[in-house]
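J.: Here's the letter readout for the chains.
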Amino acid sequence: MAAATQHPFSAIKGKKVLMVGAGGIGCELLKTLALSGFQDIHIIDMDTIEVSNLNRQFLFRQTHVGQSKAKVARDAVLRFRPQISITPYHANVKDPEFNVDFFKQFHVVLNGLDNLDARRHVNRLCLAADVPLVESGTTGFLGQVTVHVKGKTECYECQPKPAPKTYPVCTITSTPSKFVHCIVWAKDLLFSKLFGDKNQENDLNVRSGDASSSSGHSEDVFVRKPEEDIDQYGRRVYDHVFGYNIEMALSNEETWRNRNRPRPIYVRDVLSAALSQQNGDMENTKISDDPLSVSAMVSLGLKNPQEVWSLVENSRIFLEALKLFFSKREQEVGNLSFDKDDQLAVEIVTAAANIRASSFGIPLHSLFEAKGIAGNIVHAVATTNAIIAGLIVIEAIKVLRNDTSSYRMTYCLEHPSRKMLLMPVEPFEPSKNCYVCSETPLLLEINTQRSKLRDVVEKIVKAKLGMSLPLVMHGAALLYEVGDDLDEIMVAIYSANLDKVLSELPSPITGGTILTVEDFQQELSCNINIKHREEFDEEKEPDGMILSGWTQALTTENNKNSSAGNGTSTSSQAVPIETVVDDELEILSGETATLHSGKKRKISDSSKASNTSFEEKSKRKADELELDSPIVVLEGSMEKDNGKKKRLQ
Amino acid sequence: MKGEELTEQETALYDRQIRVWGVDAQRRLSKSHILVSGLRGTAIEFCKNIVLAGVGSVALNDDRPVTEEALTANFLIPSDGERVVGKSVAEICSESLKDFNPMVRVSVEKGDISCQSVDFFDKFDVVVVCCYSLAAKRMVNEKCRKLSKHVAFYTVDCRDSCGEIFVDLRNHAYTKKKLDETMECQIHYPSFEESISVPWSSLPKRLSKLYFAMRVIERFEDVENRRHGETTIADLADVLKLRTELCQANSVNESQVPDSLLERLIAGPSEFPPVCAIIGGILGQEVIKAISGKGDPIKNFFFFDAADGKGVIEDILSNP
Chain A
475 MAAATQHPFS
485 AIKGKKVLMV
495 GAGGIGCELL
505 KTLALSGFQD
515 IHIIDMDTIE
525 VSNLNRQFLF
535 RQTHVGQSKA
545 KVARDAVLRF
555 RPQISITPYH
565 ANVKDPEFNV
575 DFFKQFHVVL
585 NGLDNLDARR
595 HVNRLCLAAD
605 VPLVESGTTG
615 FLGQVTVHVK
625 GKTECYECQP
635 KPAPKTYPVC
645 TITSTPSKFV
655 HCIVWAKDLL
665 FSKLFGDKNQ
675 ENDLNVRSGD
685 ASSSSGHSED
695 VFVRKPEEDI
705 DQYGRRVYDH
715 VFGYNIEMAL
725 SNEETWRNRN
735 RPRPIYVRDV
745 LSAALSQQNG
755 DMENTKISDD
765 PLSVSAMVSL
775 GLKNPQEVWS
785 LVENSRIFLE
795 ALKLFFSKRE
805 QEVGNLSFDK
815 DDQLAVEIVT
825 AAANIRASSF
835 GIPLHSLFEA
845 KGIAGNIVHA
855 VATTNAIIAG
865 LIVIEAIKVL
875 RNDTSSYRMT
885 YCLEHPSRKM
895 LLMPVEPFEP
905 SKNCYVCSET
915 PLLLEINTQR
925 SKLRDVVEKI
935 VKAKLGMSLP
945 LVMHGAALLY
955 EVGDDLDEIM
965 VAIYSANLDK
975 VLSELPSPIT
985 GGTILTVEDF
995 QQELSCNINI
1005 KHREEFDEEK
1015 EPDGMILSGW
1025 TQALTTENNK
1035 NSSAGNGTST
1045 SSQAVPIETV
1055 VDDELEILSG
1065 ETATLHSGKK
1075 RKISDSSKAS
1085 NTSFEEKSKR
1095 KADELELDSP
1105 IVVLEGSMEK
1115 DNGKKKRLQ
Chain B
502 MKGEELTEQE
512 TALYDRQIRV
522 WGVDAQRRLS
532 KSHILVSGLR
542 GTAIEFCKNI
552 VLAGVGSVAL
562 NDDRPVTEEA
572 LTANFLIPSD
582 GERVVGKSVA
592 EICSESLKDF
602 NPMVRVSVEK
612 GDISCQSVDF
622 FDKFDVVVVC
632 CYSLAAKRMV
642 NEKCRKLSKH
652 VAFYTVDCRD
662 SCGEIFVDLR
672 NHAYTKKKLD
682 ETMECQIHYP
692 SFEESISVPW
702 SSLPKRLSKL
712 YFAMRVIERF
722 EDVENRRHGE
732 TTIADLADVL
742 KLRTELCQAN
752 SVNESQVPDS
762 LLERLIAGPS
772 EFPPVCAIIG
782 GILGQEVIKA
792 ISGKGDPIKN
802 FFFFDAADGK
812 GVIEDILSNP
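Chains as they are written, first to last, in this note's numbering: chain A, 475 to 1123; chain B, 502 to 821.
Hints were generated in silico from the structure; no laboratory data involved.
As the structure is a prediction and not an experimental result, all values here were calculated from the model.
Every residue gets a Cβ at the ideal spot worked out from N, C-alpha and C, and that includes glycine.
Check the hints yourself; a few may be wrong.
[As the list claims (entries may be wrong)] Sample of chain B residues lacking proximity to chain A, with all beta carbon distances greater than 10 Å (derived): (1) Phe-621; (2) Met-640; (3) His-673; (4) Ala-674.
[Unchecked claim] With a straight-line cut-off of 27 Å between C-alpha atoms, the simulated DSS-like cross-links for lysine-lysine are: (5) B:Lys-599 to A:Lys-545; (6) B:Lys-679 to A:Lys-652; (7) A:Lys-893 to B:Lys-800; (8) A:Lys-893 to B:Lys-532; (9) B:Lys-678 to A:Lys-893; (10) B:Lys-677 to A:Lys-652; (11) B:Lys-795 to A:Lys-893; (12) A:Lys-652 to B:Lys-678; (13) B:Lys-706 to A:Lys-893; (14) B:Lys-710 to A:Lys-893; (15) B:Lys-678 to B:Lys-599; (16) B:Lys-679 to A:Lys-893; (17) A:Lys-777 to B:Lys-532.
[Claimed, not checked] For each label pair, taking beta carbons as the anchor points, the in silico distance ranges come out as: (18) A:Ser-840 to B:Cys-686: 23 to 29 Å; (19) B:Met-684 to A:Glu-1013: 38 to 44 Å; (20) B:Ala-674 to A:Pro-642: 54 to 60 Å.
Pulled out of the complex, with its shape left as it was, chain B reads as follows (with noise of 0.2 Å):
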C-alpha cells in the first residue's frame, strides 16, 4: 500500500475519521467491496454507515418491490411516489446511496443470491445478509467458505427490540494496539453451522438467553418453511412447544429460553428503529475492522436488547 496517497478530496471528506483509523486504514477500505442482501432496517443504516466511510464498492440486494413493509425502517426510499413506481427495493435504495458519497460505486444484484454460484462471491471481500432464512444463511456462508480468498460473512437479524450479529472471518489476522504496542493477532472463526450445532448443554450458563431464543424462532421459520419475521404472536403455543422438544434434546433447562422473551420477538414489530441503528452501527464497526486488520473483531455472536440495554458479545464454539 506504499507510495498510494490519498487525494486532496479524500483527505478533506475523510479528515474526522482518517483520525480514528488512519490512513492504511482508509486506503484499505476504499479498495473493498461489500455486498448486503436483504434490505431492512438494519441493513439500510449499516450501508448508510459504510457508504459514508468511503468503502469501493457496495452491491445491494432485494428485489422486493417497494410497499408499506419495506418503508418501516428505511430512511432511504423517498416517499415521492412516481420516483419509486415498478422499482425493487434495491434499485431506489442504490439512487439515494450514491448521493451520500460520490466516491462510493452503489451496484444492484438481482436475483437470489443463495442460489448463486461459488464464484460469484468471488468479487466481495464481505458479504452482510440481513433477516435471512436459516437455510439461506447457511447456504450463503459455505459458499464464501469455499472460496480460496478470505471473504468476511456477516448475518444479521432485528426481532423487535432486540438484535442480533453473526459473524464468520475464517481466518483472521490483524493488529491491535495495547498500550503503546502494536500486537500481531490471529483468530479462527467456526462457521454459521458449526455454531449453531454446537449443544446447548455444552454452552457457558450465563449465555445470553437471546441465542436461544434467536434459535428457536429461526428454526420455527425453517421447519414451517415461512420467511423471515412471518411468525406472529398467533404461533406463540407452536413455538413454544418447539422450545420445549429443543431444550429437551439438549438437555438443557426451559427456563434458559424463557416465555415472555419468545413472546416478545414474535409478537412486536418486525424492526424497532432504535435497534436497527445500533446493529447497524455496531456491524458497520466491525466490517471497518475486518476490512482494515485493525482492533478486536467480534467473534462470534452479538446480541442487543433494548429491554435491558445491554450489547454483549458471545463466543459460541471457542475453539473449532
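Isolated chain A, as found in the complex (with noise of 0.2 Å):
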C-alpha cells in the first residue's frame, strides 16, 4: 500500500502551512489544502484583484475587485470551512517580517508565485530555515511541480533559469523582423520618448552607423511646441519617426545589402489630407472620470480588439491617441510608463508598432495580440491550476511524512507523451556547483580600471545573484551595504563607494581579488573571484562583464517552439503555445513564464521509475532517441523592467 494515500490525516494533523501567492494556483491550492483537511494555513500576496484574474481565480467576484487577494481567498474559503485557521497577509514577501525566523515555524511552504525574482528569494529563505518547499508553475495547459528539500533534492536554483530575452539595441532601432521587434521599439523607445520621463536615456534615435549624428535636430522633435497646434504636433511626430528616420536609416547602404530595404511612410502618402484633419470625433467620446478608460478605438468607431487594421487605421488610431493624451491626459504627459491595462497606452503602441510593421514589410498584429506581447500576459486557464494545485498537496503531504524515496517533480503536459499527461519524474540530487546551496565561489570577468561598484551591485549583485538587501565585502572591509539603521556617514560613504571605480575604491579590487557578498534576509552569501579584463564585445557582453559558475540558462532566439516571438526585451513570450513536437516536453513554470530552452533532462535520468514498463521503454527510447528525445525543462522568468509592481499571484 502506497504511503502516500494512507491517512492524510494523521500526517496533516498540527502542521503549519505557508503559501506564498494567492493568484491562480493559489486560490486552487488554498481550497484543495482546506478541503484535505490543512487546519492552519498563512497567505502571503500583496496583490488586489482585477477583472482579468476573475476566469480562474474563482474564490474572487466582481465586487472584490481591488481589494487585498489573500484577505478576500481566506473569507471565501471560510465560508465553507469555517473551523480551520487562515492567516493572510497583504504584502510582498521580500518585506523584511519575512525572515528567516517566520519561515522557521512552518513544516512547508507551497509556492504559487508568477515570477522568478520571488521564487529565488523564498527558496533562498527555506533553506536557510530549513523548511521543505513545493514550487510550482503554469502555462496555458501545461504545468510543472518540484518538490526542494535542503540537502536531499535540487534546490530551485541548482537548475539553470531562462533570463528575460534582450535584443540587441540595432534590431530594435533599425533592423527589426519580427512583430515583437517592433513592440519593443513602440513600448520601451517611442512610447517613454513621448509619454515619459524626458531625461532618460533613450536609443529611439540611434541608427546604425550614426549614433553621433542623432541628438540636436531630433531631440526636438518630440517636443511639442509652445501654440503648437495638436493635429500639427502629431503628423509631425509622426513623419519623424516613420518617415524621416526611416529615410536616414536606408541611407546607410551597408545595412540593407542583405536585408529588405524598409519603406518609410509619411502622413500624406497614407492619409487624405481631409481625412488626417477630420480625425475622430473627440466631442462624442464619452467624458469619463477615469483616465484609463480614454480611447482611440472609441473615438473612431473601431469596436473589435481581435481585428487586425490596416495601415490607414493603425495611422488614424496613432494620431488620435497621441492627441487624446494631450488633450484628456496632459498632467501625466512625462511621467508615464507603459501599463497594459492603460488603453490607450496600448492603442498608440498597436499602432505605432503596426506602422513601422509595414515599413519592414512585417505581418500586422490585432491590438489584442499586440497587447499579449507588450504586457508580457501569460494565457492561464483554471483546469491547469486546479490540476497543479492537486499536486501541489499531495507532495505536500509526502513532504511532512518524510517520505522521501516518494518525492516526484510532475509535468503536466498538454499532448501526451508516452500515453502520460501527468508525468512523474524522480528529483535531482542537490548540484555540487550551486552557489545557492553549495559554497562554489563565483568568477567574474571585468575590468576593474573602468567599471564602478555600481555596475557590480546592479547587474551582477541584484540582478543576476537575485540578492535584495545586499552587502558588498572585501576581506573586512566593507564596501557597500543597505538597510534602515546605518548611519547618515555611512549612507553617504557607500554612496559615494558606488559611484568609484573599482580599483579606486578605499580597498581596492583588482584582478584576483575576492569579494564577498550577501543578503542577510535570505542568508545568503557567496564568494566572487575577480579577473580583471581589459575589453568587452559590446554587443554580445553588453554587460561590460561576466559572471561564471553560476547557472544561467543561454538563450535561443530561433527556438523551433516560439515562431511568434519569444518575449521582448523586458519581458517574457506571449504566444500560445500549441506546437510541442511529440517526443518532447514543454515545461513552463509560472503564470509569467517565459519560452526558453533550458537544461534539457533525459527521460533516462528520471531512472526508478516505479513501472517497469515505463522504465524499460524509456530506456529503449532513450537509446534510441539520445538526442531528439529530452524533456525541455523551461521555467519563469520575470519582467525585469516591472519593477513599479513586482506581482505575486
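Hints are included, so try docking the two chains, each in its own frame, into the full complex.
T.: Structure representation (C-alpha cells):
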C-alpha cells in the first residue's frame, strides 16, 4: 500500500503551512488544502484583485476588484471550512518581516508565484530556515510541480534559469525582423520618448552607423512647441519616426546589403488631407473621470480588438491616441510608463508597432495580440491551475510524512508523452556547483579600471544573483550595504563608493580579489573571484562584465516552438504554445513564464520510475533517440522592468 | 460563427483564456449546454472549471439531502446551516455556482436521469455522470447514443487516491495544430458497453492496472446491488474472489489486478480532494476540447493514481 495515500489526516494534523501567492494557483491550492484537512494555513500576497483574474481565480467576485487577494481568499474558504485557521498577509514576500525566523515556524512552504525574483527569494529563505519547499508554475495547459528539500533534492536554483529575452539595440532601432521587435520599439523607445521622463536615456534615434548625428535635430522633434496645434504636432512626430528616421536609416547602404529595405511612411501618403484633419470625433467621446478609459478606438468607432487594422486605421489610431494623450491626459505626459491596463497606451503602442511593421514588411497584428506581447500577458486557465494545486497537495503530504523516496516532480502536459498527461520524474540531487545551496565561488571577469561598484551591485549582485538587500565586502572592509539602521555617514560613504571605479575604492578591487556578497534577509553569502579583463564585446557582452559559475541558461532566439516571438527585451513570450513536438515536452512555470530552452533532461535520468514497463520503454527510447527525445525544462522568468509592480499571484 | 463578436464584458473576463484557445472556441463554449449528475468532489471541481470557462448553461442533478458525507470534498456548500436546510445538494451547489460567473445559466434537474427518455438528453451537448453504477452508466450512455445529435458522454469515478475518466464522443471531428499547420482530424469512439466488453486477454500487456481494478469493483457493486462507493474493507474477501473469477473468465493472470490495489481502492475514504481536483481539471480540459473541436481529445480512458503520480491515457478497443 502506498504510504502517500494512507491516512492523510495523521500527517496533516497540527502542521503549519505557508502559501506564497493567492492568484491562479493560490486560489485552487487554498481550496484543496482546506478540503484535504489542513488546519493552519498562512498566505502571503501583495496583489489586489483585477477583472482579468476572475476567469480562474474562483474565490474572487466582481465586487472584490481592488481588494487584497490574500484576505478575500481567506474569507471565501472560511465560508465552507469555518473551523480552520487561515492567516492572510497583504504584503510582499520580500518584506523584511518575512525573515528566516518567520519561515522557521512552518513545516512546509508552497509556492504559487508568477515571477523568478520572488521564487529565488523564497528558495533562499527555505534553505536558510531548512523548511521544505514545493514549487509550481503554469502556462496555458502546461504546468509543473517540484519538491525542494535541503540536502536531499536540488534547490530551485540548482538548475539554470532562463534570462529575460533581450535584443541587440540595433535590431530594435534599425533592423526589426519580427513583430515583437516593433512592439519593443513602440513600447520601450517611442512611448517612453513621447510620454515618459524626458531625462531618461533613450535609444530611439540611434541609427545604425551614425549614432553621433542623432541628438541635435531629433531631440526637439518630440517636444511640442508652444502654441503648436496638436494635429500639427502629431503629424510632425509621425513623419519623423516613420518617415524621416527610416529615410536616414536607408542612407546607410551597408545595413541593407543583405536585408529588405524598409519603406518610409509619411502621413500624406497614408491619409488624405481631409481624413487626417477630421480625425476622431472627440466631442462624441464619452466623458469619463477615469483616464484609463479614454480610447482612440472608441472615438474612431473601431470596436473589435481581435481585428487586424489596416495601415490607414493604425495611422488614424496613432494620431488620435497622441491627440487624446495631450488633450485629455496632459498632466500625466512626462511621467507615464507603459501599463497593459492603460487602454490608450495599448492603442498607441499597437498602432505604432503596426506602422513600423508595415515599413519593414512584417505582418501586422491585432490590438489583442499586441497587448499580450507588450504586456507580457501569460495565458492562463482554471483547469491547469486546479490540476497543479492537486499535485502540490499530494507532494506536500509526502513532505510532511518525510516520505523522501516518493518525492516526484510532475509535469502537466498538453499532448501526451508515452501515454501520459501527468508525468512524474524523480527529483535530482543538489548540484555541487550551485552557488545558492553549495559554497562554490563565482568568477567575475570585469575591467576593474573602468567599471564602477554600482555596475557590480546593479548588474551582478541584484540582477543576476537576485539579492535584494545586499552587502559587499572585501576581506574585512565593508564596501557597500543597505538597511534602515545605517547612520548618515555610512550612507554617504556607501553612496560615494558606488560611483567609484573598482580599483579606486578605499579597499581596491583588482584582478585576484575575492569579494564576499551577502544578503542577510536571505541568509545567502557567496564569494566572487575577480578577474581583470580589458575589453568586452558591446553587442555580445553588453553588461561589460561576465559572471561564470552560476547557472544561467543561454537564450536562443530561433527556438522552433516559439516562432511567433520570444518575448520582448524585458519580458516573456506571449503566444500560445501549440506546436510541441511529440517526443519533446515543454514545461513552463509561472503564470508569467518565458519560453526558453533551459537545461535538457533525458527521461532516462529519471531512473527508478516505479512502473517497470515505463522504465524499460523509456530506456529503450532514450537509446534510440538519445538526442531528440529530451524533456526541455523551461522555467519562469520575470519581467525586469516591471519594478513598479512586482506581482505575486 | 462569423459576424458575432464577444461582448466587451466577455473579452475582459475571458482575456487570459482566449489567449489559450481563441475567440472561436470561446464563442462555442458560450453556446454549449452541459448536464452533470452525481455531485461528488470530482464533479464539483469540474463544474467550477466549466462555469469559469464560460459555457452557456450547466444543469445539476443530485437529489441527495446535504449531509456530512456530501460535504467532504465539496467547496460549494457553505457551512451556515440555515441555507442548506431542506435543500438538495444540487440546489445548494447551483446557488454557489451562479456566483462564479453571472454569464452562465445554472439550473437543477430533479430525479433519476438514467430513467429519463432519450429526448431528455437532446438538449445537452455534454453529459457527465460521476460515481454512477455500472448499469446506470450503461443506460445513460446508450440513450445519448440514440440521438442523432452528437452528445459528448463522460463518466468519472474517484476511489481513494485514484481516479478514472471514460470518454465517448462517438464520431468526433476536430482540428489540431501540428507545427504551424492546422490539421483536420476525425476519430471514432466505442460505447461504454463495447469498451468494457473487450476480453481482457486481448488488451495490451502494459495496460494500467487501474483499468482492471475499477472494473472488478464496479462489477462487484453491480452484482451486490450496491451504490457506488458502498464497498468497504469488510468486502475484501468477496472482491478478491470476484477478481479471481473475472481473471479466469478472461484468461489473464491475477497479477494484473493486485490485491494491494483492490484493497487500497475499497479501504480508503471515497474521495481524496487533491485527486478530485486533478481528475476534475483533466475532465474540464477534455470537455473544453470536445466543445471547441480543438486539440486531440482523450480516447477513451484516463487514469490517475496519487501513489505513483502518473496520469495515463488508455485506448481500449482502438478499432470499434
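J.: A separate judgement is required for each hint: does it hold in the structure or not?
T.: For each hint, the structure was consulted:
1. Phe-621: The claim stands: B:Phe-621 keeps its Cβ more than 10 Å from every Cβ of chain A (closest is about 28 Å).
2. Met-640: Nearest chain A Cβ is 29 Å from B:Met-640, so the label holds.
3. His-673: Non-interface label stands for B:His-673: nearest chain A Cβ at 17 Å, farther than 10 Å.
4. Ala-674: About 18 Å separates B:Ala-674 from the closest Cβ of chain A, which puts it past 10 Å; holds.
5. B:Lys-599 to A:Lys-545: holds (22 Å)
6. B:Lys-679 to A:Lys-652: holds (22 Å)
7. A:Lys-893 to B:Lys-800: Holds: A:Lys-893 and B:Lys-800 sit about 11 Å apart, inside 27 Å.
8. A:Lys-893 to B:Lys-532: Violated: A:Lys-893 and B:Lys-532 sit about 32 Å apart, past 27 Å.
9. B:Lys-678 to A:Lys-893: holds (19 Å)
10. B:Lys-677 to A:Lys-652: holds (25 Å)
11. B:Lys-795 to A:Lys-893: Status holds; Cα separation ~19 Å.
12. A:Lys-652 to B:Lys-678: holds (22 Å)
13. B:Lys-706 to A:Lys-893: With a Cα-Cα distance of about 14 Å, the restraint between B:Lys-706 and A:Lys-893 holds, given a limit of 27 Å.
14. B:Lys-710 to A:Lys-893: OK: B:Lys-710 and A:Lys-893 at ~14 Å, within 27 Å.
15. B:Lys-678 to B:Lys-599: Measuring from Cα to Cα gives roughly 34 Å; hence the hint is violated.
16. B:Lys-679 to A:Lys-893: holds (18 Å)
17. A:Lys-777 to B:Lys-532: holds (22 Å)
18. A:Ser-840 to B:Cys-686: 23 to 29 Å: Between A:Ser-840 and B:Cys-686, where Cβ atoms are some 27 Å apart, the hint holds.
19. B:Met-684 to A:Glu-1013: 38 to 44 Å: holds (41 Å)
20. B:Ala-674 to A:Pro-642: 54 to 60 Å: violated (46 Å)
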